[in-house]
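S.K.: Residue strings, one per chain:
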Amino acid sequence: MYRYDNYDQTLVDERVAQFRGQVARRVAGDLTEDEFKPLRLMNGLYLQLHAYMLRVAIPYGTLSSKQLRKLAHIARRYDKGYGHFTTRQNIQFNWINLEETPDILAELATVEMHAIQTSGNCIRNVTADHFAGVAADEIEDPRIYSEIIRQWSTFHPEFSFLPRKFKIAVTGSPHDRAAVKVHDIGLRMHRNEAGEAGFEVLVGGGQGRTPVIAKTIRPFLPKRHLLSYLEAILRIYNQLGRRDNLYKSRIKILVDSVGVDRFTQLVEEEWQQIRDGYLELPAAEIERIRGYFAPPPYRAFDDKPADFEAQLRRDFRFGRWVRTNVTPHKRPGYAIVTLSLKPVGGIPGDATDAQMDAVADLADRYSFGEIRVTHEQNLVLTDVAKSDLYALWQRLVELELATPNIGLAGDIIACPGLDYCALANARSIPVAQRISRQLGDLTRLLDIGELKIKISGCINACGHHHVGHIGILGVDKKGEEFYQVTLGGSADENASLGDIVGPAFSADNVVGAVETIIDTYLTVRQGGERFLDTYRRIGLAPFKEKLYAAH
Amino acid sequence: MATGPQVITANRLRDGRVVFLAEGERWVEAVGQSQVANDEAATTALSAIADRAVAAREVVAPYLIEVTRDGDRLTPRRYREVLRAIGPSTHPEFGRPNTVTATGQE
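Quick note, the sequences are listed as chains F and Z, same order. Numbered per this note's numbering, the first sequence spans residues 1 to 551. Numbered per this note's numbering, the second sequence spans residues 1 to 106.
No lab work stands behind these hints: they were computed from the structure. Glycine included, every Cβ here is placed at the ideal spot set by N, Cα and C. One or more of the hints may lead you astray.
Which chain Z residues face chain F? A few, computed with CB under 8 angstroms, are given here [stated by the list, open to error]:
| id | residue |
| --- | --- |
| 1 | R14 |
| 2 | G16 |
| 3 | V36 |
| 4 | R57 |
| 5 | Y63 |
| 6 | T75 |
| 7 | Y79 |
| 8 | L83 |
| 9 | P92 |
With the rest of the complex left out, here is chain Z:
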């Protein structure tokens, strides 16, 4: 029951870091590089890739999150997911930009 564009996020098994599923079955740290699913068929396909990554011990606990798209920027809808994407608001020096495009960081 998707209400808008969605991406898949998870935590990397070995270091627990937040990652997003990108094109080519890669897991990346920048939400802006995520592969976006716009319909149910696409989310099903992404979920299948994520399940394989769990079986391959690459990531744990993957799930879909809703994002908003502004041009080629992606921002999670829920604030919790924004924090996961950018890091703790109290330590910006440990964070990473969430306004990241498919071609690189701004």
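Here chain F stands alone, though its shape is the one from the complex:
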């Protein structure tokens, strides 16, 4: 876990006191809403459809059990008993009172959390692989570098008023679980020919109105130069990014307009000025931060404990859950467990206060007290002994956190949509719920196989629809909810943007359209093809034909 030093704690405490004063001045009439709005946004407080919404940063999706209990407490004491885990690995509370917000922030500060830089045109909470530190295929733990970036970017005076918001994602594994190619900057760790670990630096990816796959501007960056290189990129963007047009203000537009070669040249020139300066990361500093993420005291276990193997044979439901929700761990005898926040017909990413408390207890009992939040809106216990899996699973079933659907069509990403969000054009959650119910049969889900359905309620694409194998985008047609469907998107190391199938579907017809797409796939797939494999082989036409044949 990261740790605040005195300096961090002081900064966060001072910010809470400052915001308390700002809220008091707003309520007393000393600040107008126009004056106050940027101040509250700098503290993660939005005014949404029904109330204030507080977005709390979860640094690269990492939580201690103590922190999760605090989030449960906030949900219970200040909200309506639940929170919503987001595609940015954060949590949002939907029913917050303005005057209680300073108290909430003060409570968060006691567990080294805050809502700083969860809004506004600054560097947002850095995101990372949710299996960081435990993935069997990992080169190095991305949390180390995410934490270094977090310390550098928090309150960075030069980058507090960028042309637009800025998102950085880090993966330490060849298999990209952090969607680095659709971020403003993506960092992918790999080894050069000499066997040294460093970063491929990708820039200008993003979703939203203009989806773009990021371009590589530096194939290999030694770790010691990480911050100076990021600083050079941000400087070029800060200087040349457009401030006159909101829709053209992201770095992807700048990279496109000047061209990737010219952009790279500008960054490299800037970097030459600063590369050996104070931002160079000494090996000792990297090691100091690595110490925060030292492996827990693992025990020496057999990789196939007899009790676990017997439970697998005995209990079909347990075996099915292990197959979908349990991932190989780098240590023998341990496993990574994904807790599904996608019960059949449920709200993707929502967790109640009781569930959060229970997960914190389970983390303490079975996983060294740590929890991860995934950008796919699930929770993870990273370090569970295989011998404990059966007991853990039984408890998760009671908590409705054991739906065996991770990576399957029931594991749907959905933004809050028009049910909560002031920007949305259509609802997302009810569409996810209906699809989830329609595909509820678990045997059928397994037969369909890996299928990522992602739903956004507007073009801002918080629900990542552009990179869904099946993407669904809510649009407003003369006051009615319609849904545009895309196929073939992907957010992993072979990232691609989905293709629009054709005219949008009504709210009544969109679930049927998804059914038709799945049925078409099942009819034409060959061998062990996943949905995405089939799509990449046959393209849009066969799906289009089935979808619009009757129209």
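Got chain F sorted already, so can you dock chain Z onto it with the hints?
M.R.: Frame of chain F, contents of chain Z only:
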């Protein structure tokens, strides 16, 4: 350029909750209790009341919405405003009826 009956909605400053402007310069949570403006003079008058409520730090960001009237029931025309009036469709237990009359909830 009103095309039909309109009411004023806003969010309460202190808790952000959705409110509607009712008779007597009161802000209420039930859309059905809203004061309806049927012409430009009436919307101008309501907007002036809303501006005073903003200055008095009672509400933020007031605006006019179109409603349809069925007897003494009021329903916002746009679906977004229906959701604001009744609460998230995914959590009906946190919602409130939108088919509310001037005399009370049905």
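S.K.: It remains to establish, for every hint, whether it holds in the given structure.
M.R.: Okay, the hints, checked on the actual structure:
Checking R14/Z against chain F: minimum C-beta separation of about 5 angstroms stays under 8 angstroms; hint holds. Of the supplied interface hints, the one on G16/Z holds, with its beta-carbon coming within about 4 angstroms of a beta-carbon of chain F, less than 8 angstroms. For V36/Z, the shortest C-beta to C-beta distance to chain F is roughly 20 angstroms, which exceeds 8 angstroms, and the interface hint is violated. The criterion of a C-beta within 8 angstroms of any C-beta in chain F is met by R57/Z, whose closest approach is roughly 5 angstroms, and the hint holds.
Taken as an interface hint, Y63/Z does not check out: its beta carbon lies about 12 angstroms from the nearest beta carbon of chain F, beyond 8 angstroms. Because the closest C-beta pair between T75/Z and chain F is about 12 angstroms apart, greater than 8 angstroms, the hint is violated. Below 8 angstroms, beta-carbon pairs count as interface contacts, and Y79/Z has one with chain F at about 6 angstroms; its hint therefore holds. Hint status for L83/Z: holds, given a least beta-carbon distance of 6 angstroms to chain F, under 8 angstroms.
Interface hint status for P92/Z: violated, as the beta-carbon distance to the closest one in chain F is roughly 11 angstroms, over 8 angstroms.
Checked against the numbered hints listed earlier, the structure breaks hints 3, 5, 6 and 9; every other hint is satisfied.
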